[in-house]
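Work out the full structure, taking the sequences as your base and the hints as a guide.
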Amino acid sequence: MAECHPVGFQWVMEAKARGAKLVHVDPRFTRTSALADLHVPLRAGTDIAFLGGIINHVLTHEKYFRDYVVAYTNAPVILGEDFRDTEDLDGVFSGLDLDHRRYDNSSWQYEGMEVQAASGERDQEYDERTGGGGSVTEAARGEAHGSGGAALGEGEPERDETLTHPRCVLQVLKRHYARYTPETVEQICGVPRDVFRQVCELVTENSGRDRTTAFAYAVGWTQHTVGVQYIRAAAILQSLLGNIGRPGGGILALRGHASIQGSTDIPTLFNLLPGYIPMPHAHQNQDLDAFVAAEAARKGYWGNMRSYLVSLLKAYWGEAATADNDFCFDYLPRLTGSHSTYETTMAQLDGVCKGYFLLGENPAVGNADSKLMRLGMANLDWLVVRDFSLIESATWWQDGPEIETGELRTEDIRTEVFFLPAAAHTEKDGSFTNTQRLLQWHHQAVEPPGDCRSDLWFAFHLGRILREKLAGSTDPMDQPLLDLTWDYPTGGEHAEPEAEAVLAEINGHDAKGSPLASYEQLADDGSTSCGCWIYCGVYADGVNQAARRKPGREQDWVANEWAWAWPANRRILYNRASADPDGKPWSERKALVWWDEEQAKWVGHDIPDFAGTKSPHHRPPPGATAAEALSGTDPFIMQADGKAWLYVPSGLTDGPLPTHYEPQDSPFPNLLYRQQRNPVRQLLPPHPDNRYQPSGTEPGSEVFPYVATTYRLTEHHTAGGMSRWLPYLAELQPEFFCEVSPELAAERGLAHTGWATIVSARGVVEARVLVTDRMTPLTVRGRRLHQVGLPYHWGPNGYSTGDAANELLHLSLDPNTHIQEAKAFAVDIRPGRRPRGPAAVELVRAYRDRAGIDEHTGTEP
Amino acid sequence: MTDSGGDETRGARPDPRHGNLLSGPQPDVAGAAGYPDSPPRMGFFTDTSVCIGCKACEVACKEWNAVPEDGLVLTGMSYDNTGGLGADTWRHVAFIEQRKPLGRQEPGVSHDDADVFAAARTLGTCASSPGPGATAPAAGTAPAGAPAGEISPVHPDGRAELRWLMASDVCKHCTHAACLDVCPTGSLFRTEFGTVVVQEDICNGCGYCVPACPYGVIDQRRDDGRVWKCTLCYDRLGVGMEPACAKACPTDSIQFGPLEELRERAAGRVARLHEAGVPDARLYGADPGDGVGGDGAFFLLLDEPEVYGLPPDPVVTTRDLPDMWRHAALAAASLAALAVSSFVGFGRRRP
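Same order as they appear, the protein sequences are chains A and B.
Just add 417 to wherever you are in the first sequence, counting from 1, and you've got my numbering.
Just add 10 to wherever you are in the second sequence, counting from 1, and you've got my numbering.
These aren't lab readings, by the way, just hints derived from the structure by calculation.
Every residue, glycine too, gets a C-beta built ideally from N, C-alpha and C.
Careful: at least some of the hints might be erroneous.
What the hints assert, rightly or not - To spell it out: a stretch of chain A is covered by chain B in this simulated footprint if at least three of its residues, at any positions, have a beta carbon under 8 Å from a beta carbon of chain B; those stretches are:
| hint | segment |
| --- | --- |
| 1 | 477-491 |
| 2 | 1134-1148 |
| 3 | 1189-1197 |
As the list claims (entries may be wrong) - Calculated cross-link-like contacts (lysine-lysine; reagent style DSBU-like; alpha-carbon spacing at most 30 Å):
| hint | chain 1 | residue 1 | chain 2 | residue 2 |
| --- | --- | --- | --- | --- |
| 4 | A | K886 | B | K257 |
| 5 | A | K1001 | A | K433 |
| 6 | A | K1018 | A | K967 |
| 7 | A | K480 | A | K438 |
| 8 | A | K1001 | B | K257 |
| 9 | A | K967 | A | K1007 |
| 10 | A | K591 | A | K1007 |
| 11 | B | K257 | A | K929 |
| 12 | A | K1007 | A | K1018 |
Right under this line is the structure:
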């Protein structure tokens, strides 16, 4: 965190100064480790074993926060009889369809009822929710998993508040993690058991009524074939320990850019609409009602999805959106499958995807298997790159690595490349949404130089010109574009659209045009308009709440008047859980919000993330739906049952419980199960430049004996577009380097500040060598394991240059998020510089031959 | 310089009523330099125990003061590719990797069977470390897999300790600044805040100040020969802003303020660290009785100053000047006396 989020780390230092204990779990010793009380190096890609070990410790030693667990989690809920755990099936859950590499989750359900996923892969139950039907099934194809499963559940799930029923979630959890012992953790992760016990004790001693523990993570957890399950493991742990919804608790996703949180809220993702409303799939005859029936949860705030969606459609299409035309629901594009970044690249290679916009993204350096990214772009008709500098993704056609190796010739490439310089954040108005969901407004300081323009300017004027070109068209295909509300006021010499007008549209307004103050005002009859329901209130009273800058010293410790947090300016989500079921704080020390009997409302330091006047003793009437169906003791209001889920019956494609699987490329076999890898991980179609490696005991795995992991340095930013061109930053970390332990250096003859060549089945790169005690060899299953650290900032362009570490990566993805496994893979490392030209390609080919790699290697379920 | 506060008083004659000018304690450094109603002496307290090595201070300093970039060199000295203070580096973050515990910290790593220092000594001499022009051997000759042999697991109690020290260095703005004392042009001057600043429009590049600095801070720029160093952001101070580095520091490792206040705060911090089991914590440059009369920019270190590349006992190089002049005067007097006496003797021989 000190390494990649130094500004946020100031709060960790402040907590430390007040006595907080800081534990850092990371394969390498970083600037964070330097300031931590305890650094725990582990083998990259084994965090589920590590976290599962802590879960096992908490369960076996009865360290969980029992009152919290019984009242606020699904621990007492009893599962159906059909569920089989990985302990029963040697590493897979019941419902695995090996032929299609997917799970049917019908056997994962609660006894007697089915629970709708709060978010995520809701479409997998589409058939059941809409009542099935031949045409729907046909159109749904691969996306509609689980056909013929359990019927829609009604009523309450069965519970056992004594937590002793053998099929209650807590008992299932106990059995699932029983073998994740300190000895197993030592064998898999390479963490000595005494160090591991120390971590367990620190976490449990600092959890409970009077104390809380927070987990902070970044892409070290998400970039795996089981990335979502890493976070799930932390969620189980924090729910067991009662560390959610309480001050000092939580699981904090540290984002990779200043507004990545914002880019999922108002998404740049293919499968989401603003506010986490799913993008509709291409089911036949699906209207608004059918979509809502399929996607909205029966209970909880997602039960109001129709209001959120209709208000969004009104924001998009204004007057044109009426009840008669389903509020233009049919104007929304439809998904025909997964269209993630990497599938888009495959579509480029197949000649299906012909045009590509890159806004502030540098896939030629920053994406996994960078070579494949360039080959995809070389197959386009046109490519638009908007960035600060001539990044590699804009120039690969004239000076990319494939030009040097002869795999591409400039004169053969027909892609037309447009480079448009972009304005920096200091050159435009706008907001950043940070990891705390805090929207902070930034004001323009200077005009952008030359031809540089903001993304808002680009999007607005592109739309304006397209609409002008299509004006008068009667083609139904053009109507969604022509009917869009596209009337933002512009100003200044460049006709820059007013960013605050966009914020006002996102906030939404009522029929009279007055700004809304809360998402609870949103209606499903078209009388309200709102561009992103969770942001509703950011422009309350017509005031830019995100621009508030009242200093912390002039407020209480929650500082609610600094900027604005979604939803409804609540600073800690699910903070109802900071009080006990009766509405009293669990402890004075950790009081946040509580029920005031006299005023008959929730009060406290933070804004309650709960219906303000719903008493703790409220029980919903039978048949209640949506938020009305939540009781006064259901703090997790976005969940269909108001509870934190230790066990996930629905919503994940790869299992209800996190399970240790080895990474796609791993020098070790899975110690716990016969199942080596996540059986439903997402593999892309075979391609000669995306070969997987043999793992574990498979012949050839010894060719790539070292575990590698990629990461960032404080001095640079992601793929380098914002840092490698800046002399003041470039001079601080001037070259691509790899970090190795003295032992690995001795073993492979690597010299400090000399050169090393690093090879995988995908590519070869060279890096300067930093021999450092900060990389430590681990003992994994009695064998000495070395890890290679690779910062991934460099590419051939810019002021500071070097090879791109991502050339080494494969495309085996997390099946829920389609994110690449960049944080744990296997390589070979050798002294000296890499070969040039065609010889570099030849070296990789020779390695593949030696390891016996073909298109089937590593693709087993 | 945008500030004009000190213009009239620059180069003013020192007033001996304000204490010793060349060495020893000097409670009113600005007063001694001729400022009658000066603000309190301002300085830096750099608490290296909370430095996270982000180098924001280096970048903020260069941005604000328009200090040029000075070369892309991978030094191999941990994450320090800056090297040291100089004409084009006014803040420098040192990174020191040590096998030593940092109070209560257990990194849980082991390097029992390799000696990184021995490895470092063979740098460039070892056949297995090819030069920059060498390419990797052919594919078939790559060594086979990792050793699968018997390697004892990390012993629970036998872990080596590891700590990574980071420290942001800067001009010390000495109470007795030799650079200023030896400057023949008056380019170097004492500000009303008690800091030492070079006026680049007056500096003639004589370079006398460079060997005078006991810390090796002040440095000449190769292209024009003039000297450059930290101004403690004199222009920002003049309008009530803190220096750029302190402003950018996310963990308050760099603290700016009245020196007296900083010294008190620092003493408290050292005491707390001692209580917390970090006995090595000590202040550097905070003692008005040291060889430079105390620094305007002082430090909390977690090890000997030498570890950070700082001189253990800096002495203002002009301390002995009065003595030297006295000796010189004495020598001149004896010479004169000798000359006179010789003439006298000559005279006597005259008849």
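Looking at the structure, which of the earlier hints fail to hold?
-> 1, 4, 8 and 11
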